[in-house]
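*Asks:* For reference, the chains in residue letters:
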Amino acid sequence: MQKDPSRIKVVVATDCGSTTTKAILIECVDGVYRQTHRAEAPTTVEAPFADVTLGVSNSVTELQELSGRRLVNDDGTILRRTSPDAADGCDVYISTSSAGGGLQMMVAGVVKEMTAESAKRAALGAGAIVMDTIASNDRRRPHEQVQRIRELRPDMVLISGGTDGGDTKKVTELAELIAPAKPRPRFGGEYSLPIIFAGNRDARPAIERTFASGGFDLKVVDNLRPTLEREHLGPARETIHDVFLEHVMAHAPGYDRLIAWADAPIMPTPGAVGDILQAIAKGRGINVVGVDIGGATTDVFSVFDGSFNRTVSANLGMSYSISNVCAEAGMDNVLRWVHLDMDERELRNRVKNKMIRPTTIPQTHEALVFEQAVSREALRLAYVQHKAFATELKGVQQQRTVGDAFSQSEGGRSLVSGMKLDLLVASGGVLSHAPRMEQTAAMLIDAFEPEGFTELAKDSIFMMPHLGVLATVHERAAMEVFERDCLIMLGTCIAPAGTAVAGKPVMRWSAQWDGGSAEGTLMAQEMKLLRIGDRAQVEVTPERGFDVGAGPGVAVKREVRGGSVGLILDGRGRSLAVPSGAEGRRLVAAWAKALELHPD
Amino acid sequence: MVLGADASFLNPDKLLLLVVLVATCACIIASMVLARAGRVPKIRRIAGLEAVEEAVGRATEMGRPILFVPGIQDMDNPMTVAGITVLSRVAGTAAQYDATLDVPVSRSLVMQAARESVQAAALQAGQPDWFDPERVRYITDEQFGYAAYAAGAMARDKPAACFYMGCFFAESLILAENGNAVGAIQIAGTAETAQLPFFVASCDYTLIGEEFFAASAYLSGAPDQLGTLRGQDIAKALIALVLVGGVVMATVKVFTPKSDRAPTAEMAP
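Those protein sequences? They're chains A and P, same order as listed.
Each residue of the first sequence is one higher than the one before, counting from -1 in the working numbering.
Each residue of the second sequence is one higher than the one before, counting from 16 in the working numbering.
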């Protein structure tokens, strides 16, 4: 039963990752919720322990030692408060999990760009890794599709296809491919593979007949695309969460006990991150992009005009996948961000070393510069993939007037817009642990190319998963901790969109803040950093052909947030072009100097 | 008196046409040779042609047919020929998606060409069994009889995608409005300037004039065809330049005082 939020004053939250279990303590201090302590311990889901609760107990025990508040019972379970005045225990315990590879799904739909894409969006939004997407137009022969289904070992399968009252034949054919292929689940032979059907309601009897042969646990939910004009992901996402708990978690070592401990359903970690970003975007009425760059994958989350999307770039990461980043981006693109003389052969060796020793961190200045150059490209490529995925629905009617005669844009436009972006949140080792905040800000700006006014922030200790699940039990607490403790504000970037021509001005600007003011003209290819403290009043007048959000050449006056970096003025134009060779190196060095990236 | 014909190899009155013809051919051939050598021209994206897959996908998801109307003129009309080219692409995609394609036609010869085109597209897509000749059928030569049939078919079958590719006259708005009313994605293409505003207003995408004729090269992506397209554009640009030059010269002549002009044959005593 859900607790009354007004009675929740002490919260313990854990995130069971693949390697570490991170615990945080959230307390109501003077009427405001704050994250007060943090601890971590190795995850114990694998042998020889094979019990995830051991790692949870260990991390919460450390939390107990740091906070001085007793949180763990003698039997290792989480201690609850017996009364509102009790000094020990917590009111609520919540958890997320990505241990054991997280939630792995296969999705299927009739048309790849329509129902299959909606199914993929539902799975990714629920925090899953999508292993493959089967569609009737994926250019694979049926035997190839069957072969692929047999190779995969998903935790569950999501099938969609046909609008309500629409196609039944193709979606039934998809089921007829999956049923005889009998994909085996990751966990255990006795485990019935969950199949979630979220397609045409008229096809339900045929689907039920197809999966009646045993070995499957069929769940039928509302259609993801009842009409092509509407996407209805909610029921499918909720069922994915339920199945994740009932089947996947219940079969993972120790999770049955963890589920019993928790006061709210355990969520897949990325799903919880998505939830908190959606809550923030909704609460503040802004558009948000979040990124989490890991060793093997990069997750990008976006909320634009209330529409949430998540992508997982499986081969873009900073250790296991670093070699792929260099191959996909090209070494020339990586090296354009390096302002030091480096031997390319040595850099290639460095890449391979990082791949085989993923936990190493840069030991020299050159290694750091190179790693951050790779991260820029990994982030850029992940963002490109995200923009291609986060689109308007395809296959819907366009409304036209005669005025559209020469400007007929195609359907399926990307929802992601650099100019509409208000807040960019970074997390993941290379961003969170960069020696200087300025470096994190520079990596974000170079990779995401925000336009107009954009706030930059980083997740201090990767607390977003905890807050995502906290939002389901106490939204205000989640918001307050997010604003006060989770995010470290880096500052604001003002980047006029337009083509920058060397030697020409881009915009005139003036800024006033507590204890100072400045004004000037920003030239093309110039970057400028202003240390403005918490906030500043800014007025910018872009030159003709440049836009900061109000239209080409239109001035904007507004308040901007500062932070540990400050206000960054970016006169490089959009889209960003870095010249190659010595000229490019000179420019990158000038930008690094302007942003004080490497002051030593 | 004996009357005889004065045969001549060259008609000097039509010399200018010959020059234009040779210049146009030279442009096209040169451009084709360049394209074959690897300098393939880039064509901007044509939204209407890019949307073919989206329209066919919509029909597949909704389990409804696709309606293709290749105009109301015969095969001697270049717009009908261009329409059949687009039909080939639509049929190939529909065969791949296993969607139903209906092609009512108003000329018997067009029916034959359309059937062959659809069958070839199905074969190319690896779905020979998908082709059903009865789906490509003759209705009537009468303009409004044909329009009435097409409108009725739309009301009955509620196609999810409608294509209007060819030569259209007064029936254009009847077709497009009916398609719009049944909620279909509509893609039109014609060079009939009088019908274009109707299509633009009521269809999702419209191929306008030259875009429609460029469809074949655009869809095939073959260097020869793309080269031809560039050659034609260069020739048209040259002709436009000559026209502008001629207008300027004629204008200058009008404003030049007669006394400054050289004496002409008529003026000579």
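Calculated from the structure, these hints are not laboratory results.
Predicted, not measured: the structure shown is a model, and the values here were computed from it.
A virtual CB, placed ideally from N, CA and C, is assigned to each residue, including glycine.
Some hints here could point you the wrong way.
Cβ-to-Cβ under 10 Å is the rule here; a few derived chain P residues that face chain A [as the list claims (entries may be wrong)]: (1) Lys29; (2) Pro56; (3) Ala74; (4) Glu157; (5) Ala216; (6) Asp219.
Here are the simulated distance ranges between beta carbons [what the hints assert, rightly or not]: (7) A:Asp136 - P:Arg171: 29 to 35 Å; (8) P:Pro272 - A:Pro577: 44 to 50 Å; (9) P:Gln139 - A:Thr17: 47 to 53 Å; (10) A:Gly518 - P:Gly236: 35 to 41 Å; (11) A:Met417 - P:Asp91: 48 to 54 Å; (12) A:Ser412 - P:Lys268: 52 to 58 Å; (13) A:Ser415 - P:Cys40: 44 to 50 Å; (14) P:Asp147 - A:Glu326: 41 to 47 Å; (15) P:Asp144 - A:Glu326: 57 to 63 Å; (16) A:Glu227 - P:Tyr164: 24 to 30 Å; (17) P:Gly236 - A:Ser412: 22 to 28 Å.
*Asks:* Just pull the numbers of the violated hints for me, sorted ascending.
*Replies:* 1, 2, 4, 8, 10 and 15
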